[in-house]
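Each chain is listed here by its residues.
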Amino acid sequence: MSDPLSKAATAAEIARTVLGGKVTAAAVIDAALTRIAAAEPTINAFTDIVAERAKQRAAEVDAGKHRGPLAGVPFAVKNLFDIEGLPTRAGSKINVDGPKAARDGALVRKLEAAGAILVGGLNMGEYAYDFTGENAHYGPSRNPRDTTRMTGGSSGGSGAAVAAGEVPLALGSDTNGSIRVPSSLCGLFGLKPTYGRLSRAGSFPFVDAFDHLGPIARSTEDLALAFDAMQGADPDDPVCTHLPPEPTLPHLGEGIGGLRIAIAGDYFARGGEPEAFEAVATVAKALGASETVVLPQAAAARAAAYVITAIEGGQLHLPRLRARPQDFDPDTRERFMAGALLPGAWYVKAQRFRRHYRVNVLKIFDEADIVLAPATPCTAPKLGQVMMKLGGVDIPVRANLGLFTQPISFIGLPVVVAPLQRPGGLPIGVQIIAKPFNEQAALRVAAFLEKQGVAAAPPA
Amino acid sequence: MADDKPDVARLVDEAAKALGLPIAEEYCANVILNYERSLMIARPLLEVELDDELIPGPVFRP
Chain A
44 MSDPLSKAAT AAEIARTVLG GKVTAAAVID AALTRIAAAE PTINAFTDIV AERAKQRAAE
104 VDAGKHRGPL AGVPFAVKNL FDIEGLPTRA GSKINVDGPK AARDGALVRK LEAAGAILVG
164 GLNMGEYAYD FTGENAHYGP SRNPRDTTRM TGGSSGGSGA AVAAGEVPLA LGSDTNGSIR
224 VPSSLCGLFG LKPTYGRLSR AGSFPFVDAF DHLGPIARST EDLALAFDAM QGADPDDPVC
284 THLPPEPTLP HLGEGIGGLR IAIAGDYFAR GGEPEAFEAV ATVAKALGAS ETVVLPQAAA
344 ARAAAYVITA IEGGQLHLPR LRARPQDFDP DTRERFMAGA LLPGAWYVKA QRFRRHYRVN
404 VLKIFDEADI VLAPATPCTA PKLGQVMMKL GGVDIPVRAN LGLFTQPISF IGLPVVVAPL
464 QRPGGLPIGV QIIAKPFNEQ AALRVAAFLE KQGVAAAPPA
Chain B
-1 MADDKPDVAR LVDEAAKALG LPIAEEYCAN VILNYERSLM IARPLLEVEL DDELIPGPVF
59 RP
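If you read the protein sequences in the order shown, they are chains A and B. Just so you know, the first sequence maps onto residues 44 to 503 in the working numbering. Just so you know, the second sequence maps onto residues -1 to 60 in the working numbering.
Hints in this document: simulated from the structure, not taken from any laboratory. Only a predicted model underlies this, so the values are computations on that prediction, with no experimental measurement involved.
Quick list of in silico lysine-lysine cross-link-like pairs, DSS-like style, CA-CA up to 30 Å:
no.	chain 1	residue 1	chain 2	residue 2
1	A	Lys392	B	Lys15
2	B	Lys3	A	Lys432
3	A	Lys98	A	Lys65
If we strip away everything but chain B, and leave its shape as in the complex, we get (with noise of 0.2 Å):
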């Protein structure tokens, strides 16, 4: 599903002028990076299937 993956040097560039962050030709490799880095770190958790009924508390009491 190679079609599937996101074109993410170009995510970064729009969601950074959406967003009124610039960011410099310097760093933009290494936010691009970090981006991808996300993807792969937060697969787990974009697989978990939760119920409709399960909400996040306003303030977290453990």
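Just chain A, same shape as in the assembly (with noise of 0.2 Å):
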């Protein structure tokens, strides 16, 4: 058990602490806010910090209030997220003009009624379109296992944040990948749940038919942990779930006897740098799964995921390309511009695509349970690098490193990436993909994987 005041310490043993009186949540977050101040100068993870409003969530857990599940616990969130009173940046300096937000979004009320103490809002890629965590408006992320590296995007900041022990929970977002690949490339445990799954009310939106928010944490305890406290219906987010919550923190100690595990081939086995094939065969060796399977079209659907996403988010864009071009990060505002000219027949087939996806991948969950693939085709990339060797070819950076996360998200399907660390090396995360509603089977095989020592955060 960690000391509940270190860095290494997890969610899950500050809140047993705070709620077994052995230590106060004032303390956790004292040393919390230290370590912020300490990491910053280096990492940039945080674009706000709201130490007073903490200390006074901090007091009223100590005198009992709010003692649930994650009491005490200190937790940041990318700031696409509302937070009362500041304005919802969205990794732009455009937002900062805009209002202040009125009330916290949907999981951020969820995580402090369930105990949890907000300590800040995140960095990330401009208006979330990236891959990378760079942003010229803020500094790019740094990724502490190397801080001349790239965290991955767009949720940099969440990744940065939580493998520097900074916090020991943030929550981010992910549209093509943007949980999975900072997950990876910082070497962490992070949930993309069902598309619907959890509430999006209260954050930025950058394509509605993709958006998703999950946490990133350094255990699948503490996924499992904040997970379950976010799920819920709300009627302020039209596509959120009706279906009831299932908690899966019960069931994470389960292991995997009954669940069928598959790998996925052909597309997800080409097309990136040996260590993320590596990785997938080091997590099927260890799970016992032998079995190929097939994902048909997948190449057609991250065609597919890319249109959608241009599209929506140049439209959702627009009145801010046409007055203010000049305050958009760079490396986003021409892509926003040409996805807003791209023709409207491209978006009405990938979205009828996307239905004819959807009916032949779910056929392949009547014979697996769980898929695994590759999380990102590569380690972390230098930061500014703009091309990249993949399989002897020469490729954009930015466009390609959700090549692999991409073609799941496009139809919701839910995933825990299981970082995998590597002596010498960089660590790399490996998808474990479950079919619809059934995060509970994927996130039971990350913790198997980590009680094997298979999967696990790096050192604090």
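Take the two lone chains and join them into the complex the hints point to.
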């Protein structure tokens, strides 16, 4: 068990000690704020720190309020989540001139109702159109494993803050891979739940068709704790499910008995560096998985996800592209402009194809409960790196870090990223993919890998 | 079939006018580059044939 005041402490360990009266929430928050102050000049994960609010909330926890399963746990959120009294930056300069949030986003409220304590807002790629974690306005978040390298994005600050031990838990968003890519490059556990499982109310949108919110943490137990606290219907998000919450924490230790686990072949077995496929092989071996399945037309799915993203994103930002183009990050501006001009026929075809692909991929889950795939095609690229060589071919970094995540989020499947630490090398993650609303199975597999010592967060 | 390739610079220029999106000269080259990249990335989708009966749901439910 880690010292609850140390950067190695998990959310579960902190909550247990706070609820057990062995440490105060005030001491936990003070320690977190001290760590953040020390790390930020290097890591640049935070854009906003709400120290006074956090101290007030900690005092309330210590006075007997909000003593839920996350009591006293410091957490931070990608700055596209509404934080009462602050403008919702969404990684932009433009939004800072907009209205201040009247109240916290739905998931912030749910985590705080469970006892967790918000300490700040986190850096991200502008308007979430990003896989790198770089940002022209606020600087890049830096990968704590090697600060000359990318965190991955767009939830780059979320990955950096957790990997650096500033907070044990962060929330991110994932439209095409923005939780899974930083989880992989920073070596953390990340959960992209089923599309519609968690409310997106009170968060700045990117692509309604694919936007998901979820946690990044140092353990599967923390993912499950946070996920369970955030479940539940929400009329403020029309996509949010009416299915009753399905707690995952009670099942986390059940192991992998009864789960049929397969490996994604074809598209997911090429186009990456050897370490991406070695990671999948290592995980498959630990799970006793040898069957390969093919997600049919995955390349077309990735293309369709790209088209829907470009067109929805371009359309969303059209008023700002007209009025304040000079205030965009140069790395997003012209992509949004090009997206706004793409043919409407492509969009409709991509949406029709989405249904077709969903039907065919769901057939795979008649024969397998879990499918394994690489999370990223490579380990963390260098900051500022524009091109990378994959499979001997030079391709742009920005468009391709999500090569293996896009065909999965395209149809909203739940995914847990399990991180593999590579001695002497950089970490890389594996996607543990389940059928819709079966987050529990993916979390069980990740917990099994963690228990076996195959998957782990980096040493704090 | 080189003749079938669209003139992307002109396409971007005309589409931007139709949409009422002024694109400053210094941004044009990159918008064109990204449009060309989109043409390439979209190709696997555009090659798929779908039945007429296949319609997207108004609200996507996985």
